[in-house]
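**Student:** Using the sequences provided together with the hints, build the complete structure.
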Amino acid sequence: MKIAALNNTYKALVIGVSAGGFQALKHILPRFPKNFPLSVIIVQHRGEAVQETSSKDDFLIHHFQQHCQMTVKEAISGEKICKSTIYFAPAKYHLLIEKEESFSLSLEPPVNFSIPSIDVLFESASACYKNCLIGLILTGANSDGSMGLREIHLNNGLTLVQNPATADVDVMPKAAMESHTVDYILPLLEIAPFLCDLMQEEKG
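Count the sequence shown with the working numbering and you get residues 1 to 204, in order.
No wet-lab data here; the hints were simulated from the structure. Don't take each hint at face value.
[As the list claims (entries may be wrong)] Calculated cross-link-like contacts (lysine-lysine; reagent style DSS-like; alpha-carbon spacing at most 27 Å):
(1) Lys99 to Lys83
(2) Lys80 to Lys11
(3) Lys11 to Lys130
(4) Lys11 to Lys99
(5) Lys11 to Lys73
(6) Lys83 to Lys34
(7) Lys11 to Lys26
(8) Lys26 to Lys174
(9) Lys83 to Lys73
(10) Lys26 to Lys73
(11) Lys92 to Lys80
(12) Lys80 to Lys130
(13) Lys73 to Lys99
(14) Lys11 to Lys83
(15) Lys92 to Lys73
(16) Lys34 to Lys73
(17) Lys92 to Lys26
(18) Lys26 to Lys83
(19) Lys174 to Lys130
(20) Lys34 to Lys11
(21) Lys80 to Lys26
(22) Lys80 to Lys99
(23) Lys34 to Lys130
(24) Lys73 to Lys130
(25) Lys34 to Lys80
(26) Lys174 to Lys92
(27) Lys130 to Lys83
[Stated by the list, open to error] The following label-pair restraints were derived from C-beta to C-beta distances:
(28) Leu154 to Glu201: 19 to 25 Å
(29) Asn35 to Phe113: 34 to 40 Å
(30) Phe194 to Glu101: 20 to 26 Å
(31) Gln23 to Phe194: 14 to 20 Å
(32) Pro110 to Asp197: 35 to 41 Å
(33) Lys80 to Asn35: 15 to 21 Å
(34) Glu201 to Cys82: 21 to 27 Å
(35) Ser84 to Ser104: 20 to 26 Å
(36) Glu202 to Glu98: 22 to 28 Å
(37) Pro110 to Thr71: 27 to 33 Å
(38) Pro109 to Lys73: 23 to 29 Å
(39) Gln65 to Ser106: 21 to 27 Å
(40) Asn156 to His67: 32 to 38 Å
A virtual CB, placed ideally from N, CA and C, is assigned to each residue, including glycine.
**Tutor:** Structure follows, in structure tokens:
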């Protein structure tokens, strides 16, 4: 663990999640208070059935809008990123963060067989936020996100991984751990309390 990582003034939390992700996110996102000071930006791999659903009717976003204290929305190209807001990457687009802390969307081919790709988000977020970024990998069935988490680590951000023993599918967290760039490995139910406590320490 990099002790220095805990001394950063964090601005954003990026989350990568795939198979089993909906259930995992239900244990994290609703536990953040309304004034949680980070922008929370999520790539959730979605099945084809979900991808055919319009963003207006997207069950994933609608569910968390109903159950979270923070504002929840789908990321829009060109939109300025706000704190205390949860953003989901839209289906069928890569989500990137630009230097001026705004979103852009890409129709480039899949990365790690995935679009949106966790690595694409994490790497662009790391280039923007440097050591003011927290990266979190949750349950999932491929290695997407491990390279992006490594970039966050190299830029002295904070890197977190769900304990594989608590993941519905342990492939993604294990792949991230194999990069040897993870600061904390946390059971699912301890992730939200850890992040909330960390933000309280920063305020203090």
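**Student:** None of the hints should be skipped; say for each whether it holds.
**Tutor:** Cross-check of the supplied hints:
1. Lys99 to Lys83: holds, 16 Å
2. Lys80 to Lys11: Measuring from Cα to Cα gives roughly 13 Å; hence the hint holds.
3. Lys11 to Lys130: Given that 27 Å is the threshold and the Cα spacing comes to 10 Å, the pair holds.
4. Lys11 to Lys99: Answer holds: lysine 11 to lysine 99 is near 13 Å, not above 27 Å.
5. Lys11 to Lys73: The given pair, whose Cα atoms are some 18 Å apart, holds under the 27 Å limit.
6. Lys83 to Lys34: Roughly 10 Å separates the two Cα atoms, so the pair holds.
7. Lys11 to Lys26: Distance ~22 Å between lysine 11 and lysine 26 Cα, so the pair holds.
8. Lys26 to Lys174: holds, 21 Å
9. Lys83 to Lys73: holds, 12 Å
10. Lys26 to Lys73: Holds, at about 16 Å.
11. Lys92 to Lys80: holds, 21 Å
12. Lys80 to Lys130: Roughly 18 Å between the alpha carbons, so the hint for lysine 80 and lysine 130 holds.
13. Lys73 to Lys99: holds, 21 Å
14. Lys11 to Lys83: Distance of about 8 Å is within 27 Å: holds.
15. Lys92 to Lys73: It holds: about 16 Å lies between the C-alpha atoms, which stays within 27 Å.
16. Lys34 to Lys73: holds, 14 Å
17. Lys92 to Lys26: Holds. Lysine 92 to lysine 26 sits at ~23 Å (cutoff 27 Å).
18. Lys26 to Lys83: holds, 20 Å
19. Lys174 to Lys130: Answer holds: lysine 174 to lysine 130 is near 24 Å, not above 27 Å.
20. Lys34 to Lys11: holds, 16 Å
21. Lys80 to Lys26: Distance of about 26 Å is within 27 Å: holds.
22. Lys80 to Lys99: holds, 11 Å
23. Lys34 to Lys130: holds, 25 Å
24. Lys73 to Lys130: holds, 24 Å
25. Lys34 to Lys80: Given pair lysine 34, lysine 80 holds - Cα atoms ~19 Å apart, limit 27 Å.
26. Lys174 to Lys92: holds, 26 Å
27. Lys130 to Lys83: holds, 17 Å
28. Leu154 to Glu201: 19 to 25 Å: holds, 24 Å
29. Asn35 to Phe113: 34 to 40 Å: About 38 Å separates the Cβ atoms of asparagine 35 and phenylalanine 113, which means 34 to 40 Å holds.
30. Phe194 to Glu101: 20 to 26 Å: holds, 25 Å
31. Gln23 to Phe194: 14 to 20 Å: Taking Cβ atoms as reference, glutamine 23 and phenylalanine 194 lie about 19 Å apart, which means the hint holds.
32. Pro110 to Asp197: 35 to 41 Å: Since the Cβ atoms of proline 110 and aspartate 197 sit about 37 Å apart, the hinted range of 35 to 41 Å holds.
33. Lys80 to Asn35: 15 to 21 Å: Check passed, 19 Å falls within 15 to 21 Å.
34. Glu201 to Cys82: 21 to 27 Å: With Cβ atoms ~23 Å apart, the hint holds.
35. Ser84 to Ser104: 20 to 26 Å: holds, 22 Å
36. Glu202 to Glu98: 22 to 28 Å: holds, 25 Å
37. Pro110 to Thr71: 27 to 33 Å: holds, 29 Å
38. Pro109 to Lys73: 23 to 29 Å: holds, 26 Å
39. Gln65 to Ser106: 21 to 27 Å: Check passed, 25 Å falls within 21 to 27 Å.
40. Asn156 to His67: 32 to 38 Å: Between asparagine 156 and histidine 67, where Cβ atoms are some 33 Å apart, the hint holds.
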